[in-house]
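> Going line by line, the protein sequences match chains A and B.
Per our numbering, residue 1 is the first one in the first sequence, and the count goes up by one each step.
Per our numbering, residue 1 is the first one in the second sequence, and the count goes up by one each step.
It is possible that part of the hints are untrue.
Beyond 12 Å from chain B on every Cβ pair, some chain A residues (computed) [stated by the list, open to error]:
(1) I88
(2) E105
(3) L137
(4) N143
(5) S147
(6) A248
Here are the simulated DSSO-like cross-link-like pairs (lysine-lysine), alpha carbons at most 30 Å apart as the crow flies [stated by the list, open to error]:
(7) A:K136 to A:K215
(8) B:K168 to A:K71
(9) B:K415 to A:K136
(10) B:K417 to A:K136
(11) A:K5 to A:K116
(12) A:K136 to B:K405
(13) B:K405 to A:K122
(14) A:K116 to B:K354
(15) B:K405 to A:K71
(16) A:K122 to B:K354
(17) B:K431 to A:K14
(18) B:K52 to A:K71
(19) A:K71 to B:K354
(20) B:K431 to A:K116
(21) B:K415 to A:K108
(22) A:K116 to A:K192
(23) A:K108 to B:K417
Quick caveat, the hints were computed from the structure, so don't treat them as lab data.
Note that the coordinates shown come from a computational prediction; the quantities given were computed from them, not determined experimentally.
Even glycine gets a Cβ: it sits at the ideal position worked out from N, Cα and C.
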Amino acid sequence: MLEIKNLHASVGGKEILKGVDLIINDGEIHALMGTNGAGKSTLSNIIVGHPAYEVTEGSITFNGQDLLAMKPEERAHAGIFLSFQQPIEIPGVSMTNFLRTAVNERRKYLGLDPLKSTDFLKQMREKRKLVELDSKLVNRSVNEGFSGGEKKRNEIFQMAMLEPTFCILDETDSGLDVDALRIVAEGFNKLKTEQTSAIIITHYQRLLDYIRPDKVHVLLNGRIVKTGDAELAKTIEDKGFDWIKDEAEN
Amino acid sequence: MTHSEQQYIDLYNNYSEVIKAHSAAVLNGPRDAAFRHFASMGLPTMKKEEYKYTDVQKAFSPDYGLNFKRIEIPTDPFEVFRCNVPNLSTLLYFVVNDLCYKDNPHLKDDNGIFLGSIKQAPEEVKQTFCGLYTRNADTATDAVTALNTALAQDAFMVYVPRNRQLNKTLQVINLLHSKTDLMVNRRVMVVLEEGADATLLFCDHAMDSVRFLATQVTEIYCSDNSRLDMYELEENHILCTRFSNTYVSVGSDCTVSLNNITLYNGTTRNTIRVRLEGEHSEVTLNGCVIADKNQKVDNNTLIEHLVPHCTSNELYRYVIDDSAVGAFAGRILVHPGAQKTVSQETNANLCATKEARMYSQPMLEIYADDVKCSHGSTVGVLDENALFYMQQRGIPSDEARMLLKFAFISQVCEKIKLEPLRERLNYLVNKRFRGQLSKCTGCSLCK
Ligand SMILES: Nc1ncnc2c1ncn2[C@@H]1O[C@H](COP(=O)(O)OP(=O)(O)OP(=O)(O)O)[C@@H](O)[C@H]1O
Ligand SMILES: [Mg+2]
Numbered sequence: 001m002l003e004i005k006n007l008h009a010s011v012g013g014k015e016i017l018k019g020v021d022l023i024i025n026d027g028e029i030h031a032l033m034g035t036n037g038a039g040k041s042t043l044s045n046i047i048v049g050h051p052a053y054e055v056t057e058g059s060i061t062f063n064g065q066d067l068l069a070m071k072p073e074e075r076a077h078a079g080i081f082l083s084f085q086q087p088i089e090i091p092g093v094s095m096t097n098f099l100r101t102a103v104n105e106r107r108k109y110l111g112l113d114p115l116k117s118t119d120f121l122k123q124m125r126e127k128r129k130l131v132e133l134d135s136k137l138v139n140r141s142v143n144e145g146f147s148g149g150e151k152k153r154n155e156i157f158q159m160a161m162l163e164p165t166f167c168i169l170d171e172t173d174s175g176l177d178v179d180a181l182r183i184v185a186e187g188f189n190k191l192k193t194e195q196t197s198a199i200i201i202t203h204y205q206r207l208l209d210y211i212r213p214d215k216v217h218v219l220l221n222g223r224i225v226k227t228g229d230a231e232l233a234k235t236i237e238d239k240g241f242d243w244i245k246d247e248a249e250n
Numbered sequence: 001m002t003h004s005e006q007q008y009i010d011l012y013n014n015y016s017e018v019i020k021a022h023s024a025a026v027l028n029g030p031r032d033a034a035f036r037h038f039a040s041m042g043l044p045t046m047k048k049e050e051y052k053y054t055d056v057q058k059a060f061s062p063d064y065g066l067n068f069k070r071i072e073i074p075t076d077p078f079e080v081f082r083c084n085v086p087n088l089s090t091l092l093y094f095v096v097n098d099l100c101y102k103d104n105p106h107l108k109d110d111n112g113i114f115l116g117s118i119k120q121a122p123e124e125v126k127q128t129f130c131g132l133y134t135r136n137a138d139t140a141t142d143a144v145t146a147l148n149t150a151l152a153q154d155a156f157m158v159y160v161p162r163n164r165q166l167n168k169t170l171q172v173i174n175l176l177h178s179k180t181d182l183m184v185n186r187r188v189m190v191v192l193e194e195g196a197d198a199t200l201l202f203c204d205h206a207m208d209s210v211r212f213l214a215t216q217v218t219e220i221y222c223s224d225n226s227r228l229d230m231y232e233l234e235e236n237h238i239l240c241t242r243f244s245n246t247y248v249s250v251g252s253d254c255t256v257s258l259n260n261i262t263l264y265n266g267t268t269r270n271t272i273r274v275r276l277e278g279e280h281s282e283v284t285l286n287g288c289v290i291a292d293k294n295q296k297v298d299n300n301t302l303i304e305h306l307v308p309h310c311t312s313n314e315l316y317r318y319v320i321d322d323s324a325v326g327a328f329a330g331r332i333l334v335h336p337g338a339q340k341t342v343s344q345e346t347n348a349n350l351c352a353t354k355e356a357r358m359y360s361q362p363m364l365e366i367y368a369d370d371v372k373c374s375h376g377s378t379v380g381v382l383d384e385n386a387l388f389y390m391q392q393r394g395i396p397s398d399e400a401r402m403l404l405k406f407a408f409i410s411q412v413c414e415k416i417k418l419e420p421l422r423e424r425l426n427y428l429v430n431k432r433f434r435g436q437l438s439k440c441t442g443c444s445l446c447k
């Protein structure tokens, strides 16, 4: 369970989050919507511990642990995964080497021996098929020269390799073509277990047609101003955010 | 006259007869003249453009011992030092301090190839040596070269006659081995006649934790249509100072590549001077530097295009950590008339801490109008976003930093053509970044 209480945060001295409260229970899928610049990526970056963001007030606990006191890699080991809105290119670091290190660091944390090379490669092959990621891409440097859609697919591939229990998908749907969207969403659904919970950040209904949210939140100007069920996303698709803004002001 | 200079002048005045008496005779010819050059020039100060990043005075000021009487150190390097790049079967030679090891398998084969101490060379090879000695390594222009010429007593000779090739890589291991602070003066000559072909690997290792000062002058003569692939790997320790001056003349239709790797050192200055004297030749200079703590590495290169239709490529990459200091000054000089020159020079550097310093100075001087030349230099820091991305995937920050440094340096390691060395280097660089190479006990090249 992830519990966010009265979270205030700023970046570069500018306050972005102005008191966010959110509880996500195991197995729940929450969609997070909101206008550009509302603070959605800021919230995800804070959950995973990006050093550029400063928490000025409030708390986040994950399965009872004080998340804000943990290093980014410790949060990852605890099972938190962020599919970045803009995945980073790392020239010179091969996908294989990167993932082998990541998988084995997680295993070390869990008290397991490193995977044997053959087992690791087998796992790579299986998970790659799940999201239909071209084998050529895994032989390249991390995200280097990947198209926008390929990068998103690669995020879900990494998720498959690392088997997190709490996932944040930050606009994973943007940049994916119609078929890719279906493949990635179906891949996510296959990876999901009873315990897996997630925040799905999106601007569109179409991803939510595949991954059905239990709750939909609207973040505007640093606060969650409205929460509803899956229908809320459809209303937003039709009517935009203005009516919610009006509601919030009154 | 500074204290540093004076002690070498006194040394020579007192010991020149001993030096000569215990030297290979062929090295005595230019000795007195070289000393006079040294005495009149003195050691360069940091005001001198070419040495502005290395404090030569300081490097030469400690009171080092020298072994003019050529007393052999009673160890068998083949026993104490099993240094092999696995999967690379080499012709293995040792130079202990500045003595060619007495039991080196000196090769004088039927093809006329000679490898080994000039003392053991056949008469014709000695004559070749005398004809070329100090021709490329001018003692009037560089004080370190002058001092080395005044003090060196033996030379390692690589002589490959016309159209012959070394069928294996020659590996020369320069061991520094002493109980007290020691200065050594090594000399190397490489002569490739027309159409000759050789791959050479020089490895520097310091075996004891005392201070060493090593000067080394390498003269390389590549005749027309020859091919040279040369590697130098320094793996010394923090108390070592290395001054290496390499002079190369290149005839026509040659392919020459010089690869310089500083894996572990104290203070290092590598000078390379290449003269392209014949058309349609190609020269490649690769450099790879890893420095941390308070190590200093200064690479100073000059490639002169004297004739048309030659190509030069230069790539140096540095990873500077802690409060180490790196310097790179690479000058490409295209003389009038050297049309159709193609030259590319790149120096890319990574400073891993705020205290790390890098001085980068690529220089392109062109006096011909029909050329294609480019140069570039970058000094970067570790990409914070990339580090964070890796941490988010569960890779601890130290490990993530290591991966980035490794990625950065591997872009020059990839250029190494000698495959077993390339593989070995990946392994060594990895160990180096993990701090597992910091002590050189015997040989860290060994498993
Ligand atoms: N590193 C940063 N430095 C400066 N400002 C930042 C930084 N990161 C975010 N911001 C600012 O914080 C605000 C919120 O940005 P954030 O990325 O969280 O928005 P978002 O809700 O994810 O928007 P979008 O839907 O466009 O992705 C924006 O005004 C943005 O410019
Ligand atoms: Mg965003």
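> All the hints need checking, so say for each whether the structure fits it.
Do the hints match the structure? See the list:
1. I88: Check fails; 4 Å does not lie beyond 12 Å.
2. E105: Non-interface label on E105 (chain A) violated, nearest chain B Cβ at 5 Å vs cutoff 12 Å.
3. L137: Check passes; 16 Å lies beyond 12 Å.
4. N143: violated, 9 Å
5. S147: Holds: least Cβ distance 18 Å, greater than 12 Å.
6. A248: The claim stands: A248 (chain A) keeps its Cβ more than 12 Å from every Cβ of chain B (closest is about 32 Å).
7. A:K136 to A:K215: violated, 38 Å
8. B:K168 to A:K71: Outside the cut-off at roughly 52 Å; violated.
9. B:K415 to A:K136: Satisfied, since the Cα-Cα distance of roughly 23 Å is no more than 30 Å.
10. B:K417 to A:K136: Holds, at roughly 25 Å.
11. A:K5 to A:K116: violated, 42 Å
12. A:K136 to B:K405: holds, 24 Å
13. B:K405 to A:K122: Holds, at roughly 28 Å.
14. A:K116 to B:K354: violated, 38 Å
15. B:K405 to A:K71: The hint holds at about 21 Å.
16. A:K122 to B:K354: At roughly 42 Å apart (the allowed maximum being 30 Å), K354 (chain B) and K122 (chain A) break the hint.
17. B:K431 to A:K14: Violated, at roughly 43 Å.
18. B:K52 to A:K71: violated, 43 Å
19. A:K71 to B:K354: Holds, at about 22 Å.
20. B:K431 to A:K116: Between K431 (chain B) and K116 (chain A) the Cα gap is close to 21 Å, so the pair holds against 30 Å.
21. B:K415 to A:K108: Roughly 34 Å separates the two Cα atoms, so the pair is violated.
22. A:K116 to A:K192: With a Cα-Cα distance of about 25 Å, the restraint between K116 (chain A) and K192 (chain A) holds, given a limit of 30 Å.
23. A:K108 to B:K417: violated, 37 Å
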